[in-house]
Each structure stands twice: as structure tokens, then as C-alpha cells.
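Q: Chain by chain, the residues run as shown.
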Amino acid sequence: MELNVNNQKYSFEAEENMPLLWVLRDLLELTGTKYSCGIGQCGACTVLVNGQAARSCSIPVSAALDKNITTIEDSNSNSLLQALKDSWIQNDTPQCGYCQSGQIMNALALLSQNPNPTDEEIKMGMRGNICRCGTYPRIKKSIEQVIETNSKL
Amino acid sequence: MKRRHFFKTSTLASGGFLISAYLPFSCNEQVLETESWEPNFYVRIDPDNTITFICSRTELGQGTSVGLAMIVADELGMDFENLKTEFADGAIERYGDLQDTGGSNGLRMLWEPLRKAIATAREIFIVAAAQKWQLDPSDCFSENGFVYHNSSERKASYASLITLAKDLPAPFDIKLKDPSDYKYIGKRLIGERTRIIAEGKNPYSINVKLPNMLYAAVARCPTWNGNLIDFDDSKARSFPGVVDVIEVTAVEIQPDDFKGGVRSGVAVLASNTWAALEAKKLLEIQWDLGNLSRKSDTDVKEELLAQLEEPRTVTPEKRDIHNLFNRYSKGHEATYFSAYQTTTCMEPLNATAYHMGHKIEIWVGSQAPGMFRERISELTGLPEAAITIHNLPSGGGFGRRFHADYVEEAVLISEKVRKPVKLTWSREDTITTSKYHPYCVDHWEAAFNPTGEVMAIAYKGTIGSTNAYRPNPYALPMVHYNYVAEKGDRLLPRASWRSVFAHPWALGLECFIDELAHLAKKDPIAYRIELLDKAEVVEQVMEPWVGDNLYPKKLKETLEIVREKSNWGQVSEGIFQGVSGISYNTSYCSQVIDLSVEDGKVKVHKVTAVLNCGRVINPSQVESQIAGGIIWGLSAALKTQLTVVDGQVQQTNFDSYDLLRMNETPEIEVHLVDSNDEPSGAGEPGVPGVAPALLNAIFAATGERIRQIPIVKSSTYSIA
Ligand code: FES
Ligand code: FES
Chain A
1 MELNVNNQKY SFEAEENMPL LWVLRDLLEL TGTKYSCGIG QCGACTVLVN GQAARSCSIP
61 VSAALDKNIT TIEDSNSNSL LQALKDSWIQ NDTPQCGYCQ SGQIMNALAL LSQNPNPTDE
121 EIKMGMRGNI CRCGTYPRIK KSIEQVIETN SKL
Chain B
1 MKRRHFFKTS TLASGGFLIS AYLPFSCNEQ VLETESWEPN FYVRIDPDNT ITFICSRTEL
61 GQGTSVGLAM IVADELGMDF ENLKTEFADG AIERYGDLQD TGGSNGLRML WEPLRKAIAT
121 AREIFIVAAA QKWQLDPSDC FSENGFVYHN SSERKASYAS LITLAKDLPA PFDIKLKDPS
181 DYKYIGKRLI GERTRIIAEG KNPYSINVKL PNMLYAAVAR CPTWNGNLID FDDSKARSFP
241 GVVDVIEVTA VEIQPDDFKG GVRSGVAVLA SNTWAALEAK KLLEIQWDLG NLSRKSDTDV
301 KEELLAQLEE PRTVTPEKRD IHNLFNRYSK GHEATYFSAY QTTTCMEPLN ATAYHMGHKI
361 EIWVGSQAPG MFRERISELT GLPEAAITIH NLPSGGGFGR RFHADYVEEA VLISEKVRKP
421 VKLTWSREDT ITTSKYHPYC VDHWEAAFNP TGEVMAIAYK GTIGSTNAYR PNPYALPMVH
481 YNYVAEKGDR LLPRASWRSV FAHPWALGLE CFIDELAHLA KKDPIAYRIE LLDKAEVVEQ
541 VMEPWVGDNL YPKKLKETLE IVREKSNWGQ VSEGIFQGVS GISYNTSYCS QVIDLSVEDG
601 KVKVHKVTAV LNCGRVINPS QVESQIAGGI IWGLSAALKT QLTVVDGQVQ QTNFDSYDLL
661 RMNETPEIEV HLVDSNDEPS GAGEPGVPGV APALLNAIFA ATGERIRQIP IVKSSTYSIA
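Just so you know, the protein sequences line up as chains A and B, in that order.
For the record, in the first sequence the residue sitting at position 59 is 59 according to this note's numbering, with numbers rising by one throughout.
For the record, in the second sequence the residue sitting at position 590 is 590 according to this note's numbering, with numbers rising by one throughout.
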């Protein structure tokens, strides 16, 4: 099998129904994407599939084979993803950090589709991502900061 | 587990590794060292003069490694950006109980010994340089890993001084840096770990991968003291990737201590995590569920309530207050209930263990790696020296990673297969077969004099034990009656959970005080302040962290500030406020919650918190901890609970144990009190005050006293 992750081709052997999450983590060693609930309830495993946010724990790898996968490891320095990472750092957003890959990837999908979300749209757009440490206020602030910077461009 | 005394810092050379003869900095005296050196257990100097802080505490997201590194950088006089941080392997012989991360006391416990250790290291290099230059040490100073001569160009790196320094006796008269010289302490610094996390590269133990490693998942007995009768693994074995299926023999679970213990179970070993987790579901297992299969949470509630009715007993030293209490008429009583909860760290419990027969190596995120090592030694019969625990940053701990069960399982499985084994608990495992924050029932009563003044209060309930009382900062004399507990096997084994017993304690005390204020027809903040004004310093007798005394004046100050910051009493129409003020070890936190209630739907609009945690090392992290603690408290007060039927937890994943989410999170404002007192904690103090402030605000809005959390448990209220 072959996957296109962050514009790079990866070859591997796996069962068709193995979730994308575990292919990324255990087979491709892209461990930035996290397991936490396995049933699409927490968002820790969020990646982008053709630009859309997807819970990688809940899609079989076979459904992702000819798509473009973007994970937290993507390192295009001019991207919106990089802007989000920078904002996350500036706001000292993470605590334990375990949910944050998923939060950042979900925020990336949110802002890609709607560069100027309202307060309510941010909250509703991010409600699928749990943070047990309770970093929601700073996640929101980090997103707002990126929106603000982008709107000045 | 017995706690040991902290061993004095001493010199200890670590195993050396060679480097090429190259120094990445200009240095006018090129003495090359080939070995690293640890002047003490907290710092290592490498031959290239890299200076590493060896952090004994666990990084769970509370930021302790950053705060401690700031202290090290300041005391050592070096640039924070150049200081590396590394986590210590589990070692009671090095750190004693200073390695246990709990009770929000990382900075509090290490503030003194860490600065001393670092200052000692600094001094020793100054003395070494002075000896080398045949100067008086007082003519030399140290900065950024170098020693300089005051009045010449002379300069020597720490690394170049290792050989000399090693043979020097540890200096006695250590002068600690004056706070006015701190460059970092008190600043909003962002640690290297923040960047690493944002890139998805934090090295959690769940990411560990070793050659020949097997991935394991365990099906555990749904009741904690039940046993395996038989299992059919034919379907599981035919799942692609499955390598083996083995029985996990139970290790006695002590439902009330840190040792862990292991539930009876069946382990699936596979070539990847998913195969192990999926094949586990295909196991057909017959359990003997044991005596707890006939017990449910409703039975526990009934049993505890019945015990509350039993005659009161009191320890001799409380007899006087008991007599005082009985002299007056009983005017008011209330019973408060709080539900079973579980921690659900976002990184599910996991551990990688490699039992090689004569030695064991473990990779884990643990809050007590030293105690875990002692426990694994006890369990396997291998000496502690043969056991290495690499402690990695955790995706949350909140007390749960203080309990060794998940590591014990990994070791026992690896012992059987003699291969490295990574055991991952599924989310369902962490909710259904874990250890839990207990169900609490607590009764409070007040005795009044004829003019209606409260003369004494009495507590009887599930918190504490006969000789470990929780503190009460108010001037009210208080009787602690006999401790109420389940007889026989507890329905669920207990684990620490962010703020532990301070949570139900604050629920009772801070709601009850509010009720007394209402009876006295006084403003709830004014009433508290009036009591605190009269109160003397209270001696802390709570175990196990016998810490500082309790200062009512400090609590009072946080209440005064929160009154102002929350615009107490001056909010817009339809908004109602509730207050609480708590002490947690030596931290004090007051909160005001603004909410509205419409058609039984509660909406929390804002939480204003004021914290006094002594000297603030890093305000950014402290604010973040308090906000996180408030969100934690809101989950438990508004939404989450575990119910138990026939010994089995009914909730399974985040769909049924649904934590607070961003759209339910109110505005949170945190204010920190300026203080030069010794630093204390911030990880837990945000939690306990949430539930009482919430319930007190609901009373303000509706006139109804709810006395149980989560509020969804009462039929009347839901969340807007
Ligand atoms: S792990 Fe995929 S949503 Fe939780
Ligand atoms: S930062 Fe720990 S779970 Fe979000």
C-alpha cells in the first residue's frame, strides 16, 4: 500500500480496515497524531484528508490511499499550519500537549474553510476536540490571533 | 508505601562518554574534559560545557520542568535558553520522595533544596577556578557556565574545571542569589517543550518503539476483585497481526494505596496496537465476578447514609469541642453528595517494559518513578539496581499516574514473553477498569446560641480518617466525628484525582458556610471575611503533606480581591453570582461564578479567580493551571459522573463520560496575588472551589439549594 502524507510517499503493508491513525503511528512512525478515544469523540487523532478535518481513528486506511493526508508533522514554513503552531507557542497554549496536535489540525481545517469565523463559529468548530488539561481559553486566543494577523495581510 | 528521607546532595560522577577534541565556544584555557560530571543530582556538565538540569519531577503539563529550570537558570546565573532539561530515571536513592509529583508541591518542595544544590555547584566551580588561578574565590564570579576573574581577562568553562572540581569538598557556606538579582523568576517564559509540542514531537511513552517490541492490550475483569474462570481465544488468535494470547494473573489490589495491583485478565500480544485492541474484543471470557457483582452505587449511598445515622464517636482530643457543640441547639444541617469520577488523561495509560531475566527496563510517564521502581522490585524479586525506569513526559497525570498498576501489568506480560512489550490501555479501559475518585457523602451541622450566632460546626462523612483532619480556616470550632466508609470491599478501588479530597471537602464546607451566611442574612463574602478576621492561624494536621500552617488572612485577602474583580453584586440583570474560598496546602484560591438559569438550564458565563500561591515563578503557567483547574472542576460539577451497577462502571468512553468542551467553557479570569512567600502550588488549587461557587450561584439565582454534583444528577437542572 501507499499513502501520501505531507507530500511524501510512504509504502507499507497493512490490513485494509486498519484505521489511518494506527498506520500513521505504528507503521509510519508519524506519532504526532494521537490516539485517545478511538471512536471519533475527542479529536486527538485529527488529520486533514484532502484539506478536510478527519478523525483518523475512524477511517480505514483503504479510504485514504489516493488522498492527500496532512499531519502535524507537515513543515511547510509559510503555511497557515505554521502560523497556527507559532501562535500556539506565543500564547503558551499547551499544557500536557497530548490533545494539541489534534487541536491545531482541527483549527487548520476550520480556518482553511472559513478564514474569518465568529466567536461562536470557533467554539462550535472546536467543540469536537477535548482537552482534559483545560487549555480551551488559550486555544481560542491562539486561533483568534492567527485570524487577526491574517486579516491584516 | 514508605516515604524515605531526602538524601543530601553529594558528588557523583556519571558514566562518561567520549567526545572529539572540539569545543564549540572560544575559551582561553583549553583544558579538555572527556567525561560528563554531575556535581549533584540536579545538574550535569558535559565536556562541551552543555549544562543540563536533571528534573526529578514529572512533566504532566503542569509546567513544573519549566518553572524549576527557571530557578536553576537564575541560581546558576545562566541564560535560560542555553540550559537543557532532562528527566531523571526513577531513583529513591537519589531523590527520596522529592521525585513524587503530586499535591501541587513541586515548586514548594524543591524551592529550597534545588537552589541550594545549584548554588553549591556554582560555588564549587568558582573555588576550582580560584585554586587553579591561585586567587581568592571572592575575587571570582560565575556566569553562563564560566568562571571569571573580577579584575582580569581570566575565564574558565565549567567543563574545563571538572577534574579540579571533582576532588573539592562541597562548600558549606552557600549564599543563595538575592531575589532582586533574579532574571527569570517571575517572568512569563515559554519553555522549549511548548515548541516541541506544537510540532507534535513531545516524546510521550505511548510513542515508544523498540526493536522486536510487541504491542499488548489487556481484557480485565469488570469487577476489580473478580477472577478469570476460562477463556476462548480462537477468534482473537486468528485476527491478523496477533502473536500470542496469555493470561494475566491478578496481583492483590490494595483499594486505597499507591501500589497498584493488577486485575485478573487476558493479554493479547500483536504486531501493532490496533490488532491488539481489536483482537481483545474477540476474546470470549468467563469471569467469576465475585461479591461485588451484587453491589451498586445505590447500595454504597444507602450504606453511607445509614452510617451517618449511627451514634457519633469522637477522638479524645476532640471531646471538648464535642461538648461545646452539644451545649447549643442544632439549627442547621446539610448533606452533600459527589459522584465517582475518573481522570481520563488524554494520553491513555501505557507503559513499555522489557524484562530481560536479570534486569528490567521500563519507559513510562509516571508521577512516582522511584516508588514504581521499588514496587516492581517487590513484584519481580529483582533488586532495584537491576530496574531502570525512564520517566517520560505524560499526556496528563492528575494523580492517576501515581498508581503503578499499568506498569505492573506491562512488566508481568514482558516477563512471560521475554520481549519488549508496549501495553496500551484503550480509552474504555481507562474508564471501566481503572481506579477512581470516590463517591462521597458528607454531613455538616451547625450549633447556634440563643441569639442565632453559630458557636460550632460538626462534620461527619467520607473524607479523611480518624486522625487526619482537613483544615477549616474559619474561626468556627469544629468537631470531626467518626469517619464513614464502606464496610468490606470497596465498590471501586480508589485513585488520586486532581485535588483529591479537597474537592468534596470544599463542596461541603464552602456550601455550608454559604448556607450559614444566608441564615444570618449576611452577604456571603462579607460573612466569610467577618469569620476570617476573627480566626487565628490554624495548624495543619492533614496528612500526608504536613505543610505550612493555614493563614486565614491570606484567604481573606483573596476574597477581598475577588469581590472587587468580579464586580460582586453589580452584575447585569439575569446574572447571579456565587462565591467560594479555599486553601490547598499553602495556596489560597477564591472564586466567583457568574451564571444564569433559564427553564432549569444553567449557563455559566464567567469565572473570576484570585490565587495566592506565594512567589509566582512563571505567571503564564500559573494562570494556565488555574484556568485548567476551573475547567476540570466545571466538568465534575456540571456534567461527568460514573455510575456503577453490579460492580461494573456503566460509562465507557467520552460519549458517556463527556468532559467540558470549548463551547461550554465560560470566560475565565485569573488574578495572582503579589507575594514574596515561598512558592506553593497551582495545579490543584483551581479545582475545589468550582463546585461550591457554582451551587451557591444557583442558589442565588433560584433560591434552591442543590447539594450534589454533578448537577445533571438532580432531575431539575441541565446545562444550557
Ligand atoms: S482518537 Fe480519534 S477522535 Fe478520539
Ligand atoms: S493539553 Fe493536555 S489534554 Fe490538552
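Honestly, the hints are just simulated from the structure, not real lab data.
All residues carry an ideal CB built from backbone N, CA and C; glycine is no exception.
Do not rely on the hints blindly, as some may be mistaken.
Chain B regions said to be covered by chain A (calculated; three or more residues, Cβ under 8 Å) [stated by the list, open to error]:
no., region
1, 188–194
2, 322–332
3, 389–400
4, 517–523
5, 616–628
Below, a list of computed lysine to any residue pairs in the SDA-like style, where the Cα atoms sit at most 25 Å apart [said to hold, decoys possible]:
no., chain 1, residue 1, chain 2, residue 2
6, B, Lys606, A, Glu144
7, B, Lys201, A, Phe12
8, A, Lys123, B, Asp548
9, B, Lys235, A, Ser58
10, B, Lys603, B, Asp548
11, B, Lys534, B, Asp548
12, A, Lys123, B, Ser718
Chain A side only, calculated, beta carbon under 7 Å to chain B, not exhaustive [unchecked claim]:
no., residue
13, Trp22
14, Cys42
15, Ile89
16, Lys152
Q: Decide, hint by hint, whether the structure agrees.
A: Here's how the hints hold up against the structure:
1. For the region 188–194 of chain B, the proposed coverage by chain A is satisfied: 4 residues have a C-beta within less than 8 Å of a C-beta in that chain, meeting the threshold of three.
2. Coverage of the region 322–332 of chain B by chain A is violated [criterion: at least 3 residues with CB-CB distance below 8 Å; count 0].
3. Check on the region 389–400 of chain B: 6 of its residues sit with their Cβ under 8 Å from a Cβ of chain A, so the three-residue criterion for coverage holds.
4. Residues of the region 517–523 of chain B with a Cβ under 8 Å from some Cβ of chain A number 0, which does not satisfy the need for three, so the listed coverage is violated.
5. Note: the region 616–628 of chain B has 6 residues with beta-carbon separation from chain A under 8 Å; the three-residue rule is met and the coverage holds.
6. The hinted pair formed by Lys606(B) and Glu144(A) meets the criterion: a straight-line CA distance of about 19 Å does not exceed 25 Å.
7. A distance of roughly 22 Å separates the Cα atoms of Lys201(B) and Phe12(A); the hinted pair therefore holds under the 25 Å criterion.
8. A C-alpha spacing of about 41 Å is found between Lys123(A) and Asp548(B), which places the hinted pair above 25 Å, so the restraint is violated.
9. A distance of roughly 23 Å separates the Cα atoms of Lys235(B) and Ser58(A); the hinted pair therefore holds under the 25 Å criterion.
10. For the given pair, Lys603(B) sits about 37 Å from Asp548(B) by alpha-carbon distance, which is inconsistent with the 25 Å threshold.
11. Annotation: proposed proximity of Lys534(B) to Asp548(B) holds, straight-line Cα distance about 20 Å (limit 25 Å).
12. Under the criterion of a C-alpha separation no larger than 25 Å, the hint pairing Lys123(A) with Ser718(B) is consistent with the structure, at around 20 Å.
13. The closest approach between the C-beta of Trp22(A) and any C-beta of chain B is roughly 4 Å, which is under the 7 Å cut-off, so the hint is satisfied.
14. A distance limit of 7 Å between C-beta atoms decides the matter here; for Cys42(A) the minimum to chain B is near 5 Å, and the interface restraint holds.
15. At a threshold of 7 Å, the smallest CB-CB gap from Ile89(A) to chain B is about 5 Å, leaving the interface hint in force.
16. The criterion of a C-beta within 7 Å of any C-beta in chain B is not met by Lys152(A), whose closest approach is roughly 22 Å, and the hint is violated.
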